[in-house]
Every structure is written in C-alpha cells, then in structure tokens.
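So the sequence shown is residues 6 to 590, counted in our numbering.
Incorrect hints may appear among the rest.
List time: in silico DSBU-like cross-link candidates among lysine-lysine, alpha-carbon distance up to 35 Å [to be verified]: (1) Lys354 x Lys95; (2) Lys246 x Lys95; (3) Lys246 x Lys568; (4) Lys229 x Lys568; (5) Lys439 x Lys95; (6) Lys439 x Lys354; (7) Lys95 x Lys229; (8) Lys340 x Lys246.
Hints were generated in silico from the structure; no laboratory data involved. Here the structure is a predicted model, which is why all the values come from computation and not from measurement.
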Amino acid sequence: MRNPKVAFALWIVLCALATVSTGAQVAVVDYTERGQQIGQSGGQLRFAVQTSLPTFNPVISQLGIIEHFLHASLLEINPFDGRLQPGLAKAWEISEDGRALTFHLRVGLRWSDGEPFTGQDVLFTYRDLIFNPEVNSRMREVFRVQGQLPQVELLNLDTVRFTFPQPSWIALKGFAIQPILPRHRLADFVSALNPNVAPGAFEQAWGLSTAPDQIVGMGPFQLKRLEGQTLTLRKNPYYWKVDPQGQTLPYLDQLIVTVGADIQVLQSFLNGQHDLFIPQFFSVVPLEVVRPVPLDGSVRLIAAGPQLRFQFLALNFDVGDAELRALFRQAAFRKALSQAIDREAIVGKVKDGLAVPIFDLVHPDSFYHAAQTPTVPFDLPAAMHTLDELDIVDHDGDGTRELSSRRPLRFSLLVSSGSPDNVAAARLISENWKALGVNVSLEIVSNQEQNDRLIRQVDPLFGPDFEATLANLFLGDDPRELRSLLDPQGTLHFFHFSARRQPFEYETRLAQLFDQADRTFDPARRQRIWAEVQELLAEELPLIPILRERFVMLVRGEIGNIKLTSGLSGDGPLDLIELLFQLQR
C-alpha cells in the first residue's frame, strides 16, 4: 500500500510545479541591481514582532507585518522608492477622466489551500466585505470619495473595475494595502451570502481559535499553528513569485514568530531564542534600545537607510509674545536658526553615527524626493550675518542678541524627557544657538505633556502652549502624508494654529498642491507637484528638519539578503521576507 504521507508530499510538489509550468502568470522578484543574492531553499527563521494579535481577520483588525506574511493585495508598494507596482494584478488601467480603475489579474494563481484565485475573490473582498455596511471594515473610508464608495464590477474572471465619483490617489494606494481574501473560505460568514448567519457574524471569522488550515491567503507563508504568543508559519507551496532564476519563493521553509513587547523581545534575542531583533519606532526609540547591546562574533548590528520617522524643530507662529511672534514668522530668521544647527555633531555625538542629517521633510529614498533639494550646511558666520541684517544684534555685548525693544532674545525649547536622545540633541542645539547669540532654555517635560501641549489639549482660541519644540513624527512613504502636518487645516498643523482662519500665502498654495496630488495618478506629474512642494518648503522653512535615524537591527547568524533592508519600508527586511534565507542551517 502506498504511504499516504509520501503521496501527499508528492501531490504538493506536483501542484507547485503545475502552478508555474501551466502558464500561471507569476511575478519575478528581481532586486539584483540592489545586491540581491540568489538564495537556497530550506531552513527557518526565528524572530519576534512588537505588535498585538487579537484576531487573524485582516478586515476588522490591523495585523501588522503578519498580514504581509499571510496575504497579498492587487498592488504592492516598492520597498525601495515607495512607488506602486503590480501585485495580484499584473497591470492596471486608469480611465481618461481618472474615475475608473481597471485591474487585470494574474491568471492561473492558487490560494494557499490549492483553490484557484479569480476575480470572484476580488469582487467578494470589496463588494461583500470592505464596502458592506454590515462588516466593520477598517479600510472602508480609504475608498470613500466625496462621501461615496466606488461601484465595483467583474468584467470577466480576470478583470475587475472600480468606478469612483472623482480621481483619488489615496484610493488607488489603498489597493496596495487591502489584502484580497478567499470567497470559498469566508462567504459563509456574510449574511448577504448565507441566510443562516446574522449580520455582524463576519467579526467572528478567523479568530485566534480558528483551525490553521482554514486561514487561507495569497502571501508567501501560511499558518501552521499558534501556541500562546508564538506563530509557526510554513512556506506557501502555491506562492506566485519566483526569483530571477525561476526558483519558487519564499526561500525559507518556515518562520517562527513571537508576538511581544520591545523589552521582552530584546531579552529573548539576547537569550539566543531569535535570529533577528528589529526595534520598532512607535514604542521605544530604536537606538536607545540597541546601543547598549554588546556586539560579539555571534551578534551583528545592521544599519540601513533612513527611517520613516524624522526629528524636526518647530517655532510657534502664534506665540503670545508679539515680538517673538513677528520674529518666528520670518523665514530668514528660521533659516538662520537652521544654518546654526550642527547636524553632523548631533548625528555623531547623540546618535553614534546611526542617523542621517536632513534638510527637507520628504524621505530621501522616495521616488518623489527632488534631487536638487538644497542643503543648509552648518555655517555660524552666515547665520550671524543674517541676524545682523534683520537688526537682531547684541547691543550691550553680553553675548545675547536683542529684539527691537532691546529685550534679550530668549525663548524656551520644549522637549520630551521620554527620549534621552532628543534631550541631548536639544542641548547641542541650544549650545549652537548660544554661540549665535540666541538664548534658549530647555523645558523638559513628559512625553504626554509635550503631546498635550502641542496637539491634544489645545486651547480652541489660542492654540498650542509652547514657544519652540523639538519633536519626532512618523509619516509614511508617500509625501502626501505630509498634508496633516503642512496643510492649514491639517490635524498636525500645530505650529500655526491660526492658519485655520488666516493661512499664509504659501500655506494656501501647499493646500492646492496637496489637492492636485490627491487627484493625480501620473508619476511624472506627481513628481512635478512634489518638487514644487519641496521648493516652497525650502524657501519658507515652516519647520526645521534635523535628522532621520537609520533603520537598525540586530542579527544572529548568517542570513542571506538581509542587507537589502530599506529604511523607507516600515518593517525593514520583513518586507522582503520571501527573499531571506539561511546561509548555515
């Protein structure tokens, strides 16, 4: 009698080969120009992620990087420059008026359980889940334009069209974020498709107690088991990507992923339980966690490009003091302050070289970053000359310049005690400015108080309570996410609160450019829009950029393609999980 285990294994292999050999339209993952190595199949990788996992249902909850391991979307975001690229859709078309988006799907692909993937799954994901008012979808509002959700129609099994009331870049990018889900596994949880279930039943689908073989996706891995806080994921035998030599991806056979908090994860790494430690920007400042770790032959530190989070300095354009308010609103004064900041010293002394100085707010690796963005090198004499021209001079020779009223030029710099690195950077900046003749006193408060005074507990008439502040902000890979910070009506436009009623001329122009970008799909046209945005920001300098920390991680053992890590991607090497492999097993 034939061994059933052998027969099943042979069936899996044959199906995987058939997926590639019978005309399935696979995607070739080729980053060889960035140093991609051709990997060797097999082995496992052990690591932890700092997230919570209340469910496996990606419609009602954000699964973080786990979602990327298990699922795939119509489009993808290139981890190196942020551009949209094909995913489950091999191509897409945009109508002349920009309202209709038509996706042409890859043919012959299979779900992780071997069932065929078709346009019916795309229709189900959007019409029956994301756009269904009975389903508590976290992504629904991304696709709502002018108060309306798009019409979705299946033109044939390989073509799906979405029609919006007007063009929307945000919606287009949403197709790179929302995973496509299997109709054959989830339709029974939707009341419109199954009269035996009540409205709202979908929220119970794919809970943590669901049998692993019921959780099906199009990602590089599939769930094997969940034990406490540890997930074991195995290679998806039907994954639809190959390397430049045609080898099926992912290279690894298995991932062992532990969900936990920063300090717990670091300790488990130091105890030898994991191969990777990737500190997360949203919980603990990465460098403050990593730097104390002793590096020896078994542990290496890998530093990649600049992160999405950046450090910047803001002056309050609505500060109560009339003379300071007038001075803070002068672009020449802000430029002089920027020119008097020794960013290289901050990078070296505070960040141990694990950061890069920045002079504008768009991520330097972004496709939309203007190549000719001007830098402002540290030049104290030039900064002094600018203040002299503004008639901000030291009349009495005490080392501090005076305002027109002959009052000393003094103001406070608000900084959070929750970040020792920010406090250290603020001290260096205050020393730089003291040499310039500007007297700054540090106001060190808790992280909560800083946030309350800048954004949360804002006075509805007078705005935030600060004179100047040094802060960090995380924004995504697309420059349009700067809108919340720079648009006069933006939720983070804290440094010019009165702009809601009386915006500056350049702020009005920025809002117009953001509107144009939100309705524009053409990459060249978008580049021109963002180039003008960066030109305005360089000219007006409403905020003073300081630095971006580099994306860092600790690595144990030899992991292939680990240096492909890009700081533009929020999860570093995990965004390229299908390309990682173990050199020694």
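Hint check results:
Restraint check: the Cα-Cα separation between Lys354 and Lys95 comes to about 48 Å, which exceeds 35 Å; the hinted pair is violated. Restraint check: the Cα-Cα separation between Lys246 and Lys95 comes to about 12 Å, which is no more than 35 Å; the hinted pair holds. For the suggested pair Lys246 and Lys568, the alpha carbons sit about 20 Å apart, so the restraint of at most 35 Å is met. Of the supplied pair hints, the one linking Lys229 and Lys568 holds, its CA atoms being roughly 28 Å apart against a limit of 35 Å.
For the suggested pair Lys439 and Lys95, the alpha carbons sit about 58 Å apart, so the restraint of at most 35 Å is broken. A threshold of 35 Å between alpha carbons decides the hint, and for Lys439 with Lys354 the separation of about 18 Å falls inside it, so the pair holds. Restraint check: the Cα-Cα separation between Lys95 and Lys229 comes to about 29 Å, which is no more than 35 Å; the hinted pair holds. Restraint check: the Cα-Cα separation between Lys340 and Lys246 comes to about 49 Å, which exceeds 35 Å; the hinted pair is violated.
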